[in-house]
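Whole structure, please, built from the sequences with the hints as guidance.
One letter stands for each residue in the lines below.
6 protein chains.
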Amino acid sequence: MKAYLTRAYLFSASHRLHSDEFSAEKNAEVYGKCNNPHGHGHNYRVEVTVGGQVDATLGMVCDLAELDTFVNNEIIERYSLENLNTLPEFKEVVPTTENLSIEIFNRLRSGFKPAEVTKIRIEETAMNSFEYSAGAELR
Amino acid sequence: MKAYLTRAYLFSASHRLHSDEFSAEKNAEVYGKCNNPHGHGHNYRVEVTVGGQVDATLGMVCDLAELDTFVNNEIIERYSLENLNTLPEFKEVVPTTENLSIEIFNRLRSGFKPAEVTKIRIEETAMNSFEYSAGAELR
Amino acid sequence: MKAYLTRAYLFSASHRLHSDEFSAEKNAEVYGKCNNPHGHGHNYRVEVTVGGQVDATLGMVCDLAELDTFVNNEIIERYSLENLNTLPEFKEVVPTTENLSIEIFNRLRSGFKPAEVTKIRIEETAMNSFEYSAGAELR
Amino acid sequence: MKAYLTRAYLFSASHRLHSDEFSAEKNAEVYGKCNNPHGHGHNYRVEVTVGGQVDATLGMVCDLAELDTFVNNEIIERYSLENLNTLPEFKEVVPTTENLSIEIFNRLRSGFKPAEVTKIRIEETAMNSFEYSAGAELR
Amino acid sequence: MKAYLTRAYLFSASHRLHSDEFSAEKNAEVYGKCNNPHGHGHNYRVEVTVGGQVDATLGMVCDLAELDTFVNNEIIERYSLENLNTLPEFKEVVPTTENLSIEIFNRLRSGFKPAEVTKIRIEETAMNSFEYSAGAELR
Amino acid sequence: MKAYLTRAYLFSASHRLHSDEFSAEKNAEVYGKCNNPHGHGHNYRVEVTVGGQVDATLGMVCDLAELDTFVNNEIIERYSLENLNTLPEFKEVVPTTENLSIEIFNRLRSGFKPAEVTKIRIEETAMNSFEYSAGAELR
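Protein chains in written order, with the working numbering: chain A, 11 to 149; chain U, 11 to 149; chain C, 11 to 149; chain P, 11 to 149; chain D, 11 to 149; chain F, 11 to 149.
Don't take every hint at face value.
For lysine-lysine, the following DSS-like pairs were computed, each having C-alpha atoms within a straight-line distance of at most 25 Å [unchecked claim]: (1) Lys12(F) / Lys43(C); (2) Lys12(U) / Lys123(U); (3) Lys12(C) / Lys101(F).
Derived by calculation from the structure, the hints in this document are not laboratory data.
Set out below in C-alpha cells:
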C-alpha cells in the first residue's frame with residue numbers, strides 16, 4: 011500500500027482572464043470584471059501530493075527537503091509576485107487556475123524524480139479550489 | 011484528463027435528529043441531546059465539486075457565475091436560516107448531515123447541466139464533515 | 011506586566027431573533043429570515059481570555075484544567091445542543107450573539123476566581139464575531 | 011459597556027509597490043519583486059469592527075444588513091477585481107496594505123452612521139495582517 | 011452508494027527522527043535538525059474517515075459517539091502528550107508521520123467494527139499532511 | 011495615528027512542564043501529563059506586531075524583509091526543532107507558552123530597531139493562545 015504526502019506552498023500573483031479568440035464583447039461577457047485590462051490577483055496555495063511506498067528504513071515517501079527545493083526552484087521562483095499573463099506558458103493559454111494547475115502538475119510530474127507527483131490542488135480564494143491528478147478519473 | 015473545480019457555499023440552519031420509527035426512549039438513546047425537541051443548529055459549509063475537460067478557449071471547467079446562480083437559487087435560498095425538519099424532503103427522512111449531503115448532491119447532479127457535479131462535501135462543524143460522490147466507491 | 015491566555019470552546023445551538031416589544035411586521039423587518047419561527051442555528055466558537063501576572067514558579071496565568079472545568083460546567087453544558095430561546099436568561103432578552111457574549115462574560119467574570127476574565131469573543135459564523143470586554147473602552 | 015461586532019468581507023485585487031519619489035534603483039531596493047511593473051495580487055480579507063451600546067430592544071450593536079450594504083457599495087464594489095494603482099486615491103499614495111487600511115478606515119468611519127467604526131484589520135496573506143484603529147494607541 | 015463521514019481528533023506529542031540502521035552522519039544528513047536527540051514536537055490533527063451505506067432509519071453511516079469513544083480510548087489516550095519514540099510500536103520503526111498514519115490506520119481498521127475505516131489523514135503542521143487509505147491506489 | 015503590522019512565523023518544538031521548586035507529586039498534580047519526562051511538543055505560530063507611523067513615501071510601518079530577517083535569525087533559528095528545556099533561558103524558568111511569549115517579546119522588543127514591537131501572540135494549539143504586550147494593561 012502507498013502513502014501520500016501533501017505539502018503546501020504559498021505565493022501571490024496577478025492575472026487577467028482574456029482570450030484572444032474572443033471579441034472584446036465576448037471576453038467581457040464570459041470573464042466579467044476578471045477581464046479588466048489591468049488585472050487583479052490572488053494568494054495561491056498550491057498543495058503538491060506525492061505518493062509511494064514508505065521506505066522501510068527512512069520511514070518516508072520522499073525526502074521533504076528535496077521536494078521543497080524542487081518546488082521552490084521550479085514553481086515558486088517562477089510565479090511568485092508575477093503577473094501570470096507575462097509568462098511564456100500563458101501567452102496563448104488563458105491563465106485561469108484550471109490552466110495553472112495543469113501547468114504546475116506537468117512541470118512537477120515530469121521533473122521531480124524521487125517520488126510520483128499524483129495530484130495538484132490550488133486554492134485560488136477561500137471559496138474556490140482546483141484539482142488536477144494523475145491516472146484515471148478520480149471522482 | 012479532467013480537472014475539478016470546488017466551490018464553497020455557506021449557510022446556517024437548525025435541525026432536530028428524531029426518527030418516527032423509534033420510540034421516545036430509543037430516540038433519546040441513539041441521538042442523545044441532538045433529539046432535544048427545540049432543535050439545535052450549525053453553520054454548514056457546502057463544497058460542490060464539478061469535473062470535466064478544461065475548455066481550450068475558455069480555460070475553465072464551467073462558468074463559475076452559472077454555478078453560483080444555480081447553487082444559490084436551488085440550495086442556499088432553500089436551506090439558509092431554516093429549520094431543516096420543516097422542509098418536505100425531511101418529513102420522513104431524518105435531517106442528518108449524511109442525508110442533507112445526499113439531498114443536495116441529487117438536486118445539483120440532476121439539475122446543473124454545464125458540467126458534471128461529482129462530489130458534495132459538507133462541513134457540519136470544525137470537527138465533522140460528510141462526503142457523497144458520483145460513480146464507484148472512492149476510498 | 012500581565013500576560014493573557016485565550017482558550018477556545020465550541021458548541022452548536024439554535025436561536026430565533028424575535029422581540030416581544032416589536033409587532034410581527036417590525037420583527038420581520040428588523041430580523042429578516044432570522045425571525046423564522048422555527049429558528050436556525052450556528053456553531054459558536056467562544057474564546058475566553060484571562061489575564062494576570064505569570065506565576066514565577068508555575069509559569070502560568072492560571073491552571074488551564076481549572077478553567078476548562080469551569081467553562082465546561084457553566085457554559086458548554088448549559089448551551090450546547092440547545093435552543094437558546096428556551097433558556098431563562100433569554101426569556102425577555104433577544105438571544106443575539108451580542109447578548110450571548112454579555113451573558114457568558116458576566117457568568118465567567120463573576121464566577122471564575124483563579125484569574126481575571128478580561129474578554130469574551132464569540133465567532134457566530136466564519137464571517138461574524140462579537141467581543142465584550144472588562145474595563146475601559148478598548149478600540 | 012460597549013460591545014464590538016466584527017464582520018469580514020473578501021475581495022481580490024492587484025497592486026504594484028512603487029513610489030514616484032524614489033529612483034528606479036531605490037524602488038527595486040525597497041520593494042524588491044513587489045516593484046515588478048506588471049504587478050501582483052492578493053485575496054484581501056477586510057474585517058470591519060463597529061462598537062456601541064447593545065440596543066436593549068433589538069439586542070444588536072447595529073443592523074448587520076445596513077453594514078453589509080454600506081461596505082459592499084463603498085468598499086467591495088470599488089476595490090474588487092481591480093488594480094489598486096489605477097484608482098484615484100492611489101495616484102500619489104503607494105497602495106501598500108497599510109495605506110489601503112487607512113483609506114478604508116476613513117471611508118467607513120466618516121460615511122457609516124448607524125454605529126461607530128472603530129477598527130479595520132486587513133489580512134493581505136495567510137502570514138500578514140494590518141490594523142488601523144480609532145482613538146488612542148491601542149497596543 | 012456510500013457516504014463518508016470524517017471526524018477530526020487533536021493531540022500534541024513529540025518525536026525524534028532517527029534510524030538505528032543509519033550511522034550518526036547519515037542520520038544527520040537525512041533527517042537534519044529533526045535528528046536532534048532531545049526531539050521536537052507537533053500538534054497532530056488526525057482525520058478518521060469511515061464509509062458505508064446510510065442507515066435508512068438512523069440516517070447515519072455510524073454512531074458518532076461510538077466512533078469518538080473508540081478513537082479516544084485507542085488513539086488519543088495512547089499518543090496524547092507522549093514522546094512517540096518511547097512507545098513499543100516505534101522501537102524499531104521511525105516515528106515519521108507516514109508511519110504514524112499507517113499505525114493509526116491499522117489500529118482503527120482492525121478494531122472498529124460499526125463501520126469501515128477507509129482513510130486516515132494526519133496534519134503534522136499547517137503545511138504538511140499525510141494520507142493512508144484502504145483498497146486500491148487512489149490517486 | 012499609528013498603524014500596526016502583524017506577521018506570523020511558524021516553528022515546531024518540544025517541551026516538558028516541570029518546576030524544580032515542586033516535588034515530583036506536586037509537578038504531577040499541577041502539570042498532569044505535560045510533566046511526562048520525555049516531553050511532548052507543538053506547532054507554535056508566533057505573531058509579531060509592530061506599530062508606528064506609516065512612512066509617507068514608503069507607505070509602510072517598517073520594511074517587512076528586515077523584520078523577517080531579524081525574527082528568523084533571532085527566534086526561529088533558536089527555537090525551531092528544539093526541545094525548549096535544553097536552552098539556557100529555560101534552565102530555571104518553566105518553558106510554558108506564557109514564559110515563551112515573554113522571552114520572545116523581550117528579545118524582539120530590545121533588539122529590533124526599525125519599528126516598535128508592541129505585541130507577541132503565540133498559538134500553542136488550535137484551541138490555546140497567549141499574548142504579551144507593551145505598555146499599559148490592554149484588556
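Evaluated hints:
For the hint linking Lys12(F) to Lys43(C), the alpha-carbon distance of about 40 Å lies beyond 25 Å, and the restraint is violated. With a CA separation close to 17 Å, the supplied pair Lys12(U) and Lys123(U) stays within the 25 Å bound. This hinted pair checks out: Lys12(C) and Lys101(F) have alpha carbons roughly 22 Å apart, not beyond 25 Å.
In terms of the numbered hints stated before, the structure departs from hint 1 and from no other.
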